[in-house]
Amino acid sequence: MPVKFPGFRSRRDAFPEKLWTRCPSCSEQLFNKALEKSLHVCPSCGHHFRLTSADRLEQLLDPGTFVERDPGLLSQDPLGFVDQKPYPDRLAAAKLATGLADAAVWGFGEIEDQPVAILVMDFGFMGGSMGAVVGEKVARAAEGALAARVPLIIVSASGGARMQEGTMALMQLAKTMAAIERLRAAHVPFISVMSDPTTGGVFASYAATGDVNLAEPNALIGFAGARVGAGTIGQELPPGFQRSEFLFSHGFVDRVVARADLRRELAGLLRYLHPGPTEAAHG
Amino acid sequence: MVDRILGRTPKPVVEAPPAPTPTPAPSTEDRKAAVWARVQLARNLRRPRTNELLAVMADEVIELHGDRLFGDDGAIVAGFARIGSHRVAVIGQQKGTDTDENIRRNFGMPHPEGYRKAMRVMELAERCGLPIVTLVDVPGAHPGPESEERGIAEAIARSVGLMTRLRTPIVAVITGEGGSGGALAIAVGDVVLALENAVYSVITPEGCASILWRTSDEAATAALAMKMTAAEQQVLGIVDQVIPEPEGGAHTDHEETGRRLKAAIVHELDRLVAIPVDQLVEQRYRRYRSLGAYTEVVTEIPAPTAPPRSGLADRLRGFLEAGSRAIPAPLQVGRRDEPPAREDV
Numbered sequence: 002m003p004v005k006f007p008g009f010r011s012r013r014d015a016f017p018e019k020l021w022t023r024c025p026s027c028s029e030q031l032f033n034k035a036l037e038k039s040l041h042v043c044p045s046c047g048h049h050f051r052l053t054s055a056d057r058l059e060q061l062l063d064p065g066t067f068v069e070r071d072p073g074l075l076s077q078d079p080l081g082f083v084d085q086k087p088y089p090d091r092l093a094a095a096k097l098a099t100g101l102a103d104a105a106v107w108g109f110g111e112i113e114d115q116p117v118a119i120l121v122m123d124f125g126f127m128g129g130s131m132g133a134v135v136g137e138k139v140a141r142a143a144e145g146a147l148a149a150r151v152p153l154i155i156v157s158a159s160g161g162a163r164m165q166e167g168t169m170a171l172m173q174l175a176k177t178m179a180a181i182e183r184l185r186a187a188h189v190p191f192i193s194v195m196s197d198p199t200t201g202g203v204f205a206s207y208a209a210t211g212d213v214n215l216a217e218p219n220a221l222i223g224f225a226g227a228r229v230g231a232g233t234i235g236q237e238l239p240p241g242f243q244r245s246e247f248l249f250s251h252g253f254v255d256r257v258v259a260r261a262d263l264r265r266e267l268a269g270l271l272r273y274l275h276p277g278p279t280e281a282a283h284g
Numbered sequence: 254m255v256d257r258i259l260g261r262t263p264k265p266v267v268e269a270p271p272a273p274t275p276t277p278a279p280s281t282e283d284r285k286a287a288v289w290a291r292v293q294l295a296r297n298l299r300r301p302r303t304n305e306l307l308a309v310m311a312d313e314v315i316e317l318h319g320d321r322l323f324g325d326d327g328a329i330v331a332g333f334a335r336i337g338s339h340r341v342a343v344i345g346q347q348k349g350t351d352t353d354e355n356i357r358r359n360f361g362m363p364h365p366e367g368y369r370k371a372m373r374v375m376e377l378a379e380r381c382g383l384p385i386v387t388l389v390d391v392p393g394a395h396p397g398p399e400s401e402e403r404g405i406a407e408a409i410a411r412s413v414g415l416m417t418r419l420r421t422p423i424v425a426v427i428t429g430e431g432g433s434g435g436a437l438a439i440a441v442g443d444v445v446l447a448l449e450n451a452v453y454s455v456i457t458p459e460g461c462a463s464i465l466w467r468t469s470d471e472a473a474t475a476a477l478a479m480k481m482t483a484a485e486q487q488v489l490g491i492v493d494q495v496i497p498e499p500e501g502g503a504h505t506d507h508e509e510t511g512r513r514l515k516a517a518i519v520h521e522l523d524r525l526v527a528i529p530v531d532q533l534v535e536q537r538y539r540r541y542r543s544l545g546a547y548t549e550v551v552t553e554i555p556a557p558t559a560p561p562r563s564g565l566a567d568r569l570r571g572f573l574e575a576g577s578r579a580i581p582a583p584l585q586v587g588r589r590d591e592p593p594a595r596e597d598v
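Chains as they are written, first to last, in my numbering: chain Y, 2 to 284; chain F, 254 to 598.
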C-alpha cells in the first residue's frame, strides 16, 4: 500500500535556482518568476507543479491569518531503521532541504474571512510520507477543528505511509481516522483536497473520506502504486488510471478544481459547510 | 531472543515464544534467516485461516454474504459464531487451500466489496450488542484496476474509522500475514492478539525492498528492518499478546492452534464485555491516538491566542472543563496551547 516516493530529491532540484524550469508535461521552458505568478501551473499546458506547504498556505488563506500549531513535533526512529541510509540521516537531509520539521504543517487561518483549521502536506519532505508526526498533526488538526468548531481542510500530497516507521506508520491510519470520525460525529465538516500525488496510506485514510473531496487536475491519486498493481496482476491499466479525472468518473471525487480556482471554490463551499448542531449529550 | 535482536531490556512477555536461540549473538545473516523463516511460516499454504480456525474454535458458524452494493467477496468471511459461551460476529480473511478455491477467494486479497461486507456485519453486530472477533491473514488488499475503480482506499479508510468508534468489544487477531492497510481495515481492536509466527507490516518485505533497496532480492533484509514478527510487534505495543503455536508452526496442528487461540479469545471477551461501553470506546480511541513515536519541542510559543472566532459557549465550556482536569479527561479536544513534551513509543 505505501507507494514509492519518487526519490528524495531536494526542493532545489525540483525548483532549481536558475531562472528557467522545463515543464515535464509539454517541455516548454518556463521563466520561474512567471511560474510563481501562475501559482506554479504551466501557462502553456496547465501542468500543475507540486507546491511547498508554504506556497500552498499562501495561495489558499487570507494574507496574514495563518497561525501555526504544534510546530515542534519531531519524528523519532522507533525501529532503528537503516536501509541504504539510516532513517535519522534521511530526516536530517529532508529538514535541511525543506526547512520543515516534517511533512505536514497545520494551524488556524481564514479563507475569505471564514475561519478554518487547515493542514497541508509537503511532498518535498520524504515524499510527504506519513509517520507519527504527520499522523499526530492530522489528529490534532481534527481535534482542534472540533474544539473550535471550525471546518477542517486537509491538502494532501503524499506517497503514503512512511516505511521507515514500519507498522507505527500504519497505525497512523487508525489514529487519523479515529479523530476524523469524532469530527464527523460532532457535525464539523471536513474538506479533503488531493494534490499530486495522494497515494497509499494517506489516500486510504483521511484523504479519501472528506465530506467533500476536491482534487487538482491530473493528480496521481491511488491506493497501490501503478507499477505494483500492474506487476502483481499482469493486467493492462486503463488510460488515465489513478488520475483525478479517473477518480471523478468513478465517484470518489466531488470536483476536479484547477489551482487558480481552488481558493474561490473552498470559500464557496465554506459558506455551506457550517458546523451543525449535535445532540447535547455528545462527547 | 527477540529482546536481544531489538537490543532492549526484556520486558515481561505474557507468553514468551519458545524458539531457543543457539548462539548468544546471532549474526545479521542468521537474524535475517530467522525472520525470513517466520515470514514463510506466516505464508505457509497449509496454515489455518478463518474457516479452519473457526472449525476448531466455534460450536456454530452462520456465514453472511454480500455487501448489498456490488457483490460477495470470497476473500473475506463474515457472519456469526458461538465461541465458548460468547455469541459474536466474526470477520476474517480467507485464502484458498487449492487452486480452484484460491481463484474463488482471489488468493485472499479482498476487493472493496469485501471490506464493505465486513462493515455491514460489524455495524449489525453493534446494533445487536454482539462483540466482534476478527481474524487477519492477508497479503494486502487487491491492488488491481477494479479494486481502484470501486474505491479500495475509501473502503479501507471507512472500515478503519468505523472500528475506532464501534460501541461493542473488538478482539483482533493477526493469524498469518498482516499485510498493511488491507489488514488494518479489519484489525483495529480493543485488544490485538497475534499467533507466534504471524507477521505485521506496513508494506510487504518485497515491496519495501524494491523501493528502499531497489531490488526485491533484499526482502529478508527489509523484513528484519521492519521488525515485523509478532514478538517484535508486541514490544512496539502494536500487538498486546502473542499466542504460542504448536512446535513446527500452526500448519502442523490446526486443532491445537485453534484450541490455544480460542482460550485467549474467550479470556479477552470475558474481560471486555465487563467494561462499560463508553469507557471501552474511549480506551480504544486512546490506544490508537497514542501510537507513534515523536518528540515535541516547544521552540516558540505559537501565538497564544485562542482559535479564531470561538464562540462564547466554547470559551465557557473550556473554562469549566479546565477545573475538572484532574479526572482523566474523556477526550482532550480542548486546549492544545501547552502540549506536554512527550516521547511516545
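Treat the hints with caution; some may be incorrect.
What the hints assert, rightly or not - So, partial list: chain Y residues that the calculated Cβ filter (under 7 Å) puts toward chain F:
#: 1; residue: Asn33
#: 2; residue: Asp84
#: 3; residue: Lys86
#: 4; residue: Pro89
#: 5; residue: Glu137
#: 6; residue: Ala170
For the record, the hints were derived by calculation from the structure and aren't laboratory data. Beta carbons: idealized from backbone N, C-alpha and C, even for Gly.
We went through each hint and held it up to the structure:
1. About 31 Å separates the beta-carbon of Asn33 (chain Y) from the nearest beta-carbon of chain F, more than 7 Å, and the hint is not met.
2. The restraint placing Asp84 (chain Y) at the interface with chain F holds, with a minimum CB-CB distance near 4 Å, inside the 7 Å limit.
3. Violation of the interface hint for Lys86 (chain Y) is found here, the shortest Cβ-Cβ separation to chain F being roughly 9 Å, above the 7 Å cut-off.
4. With a cut of 7 Å, the hint placing Pro89 (chain Y) at the interface with chain F is violated, because the nearest CB-to-CB distance is about 12 Å.
5. Because the closest C-beta pair between Glu137 (chain Y) and chain F is about 6 Å apart, less than 7 Å, the hint holds.
6. About 5 Å separates the beta-carbon of Ala170 (chain Y) from the nearest beta-carbon of chain F, less than 7 Å, and the hint is met.
Checked against the numbered hints above, the structure breaks hints 1, 3 and 4 and satisfies the rest.
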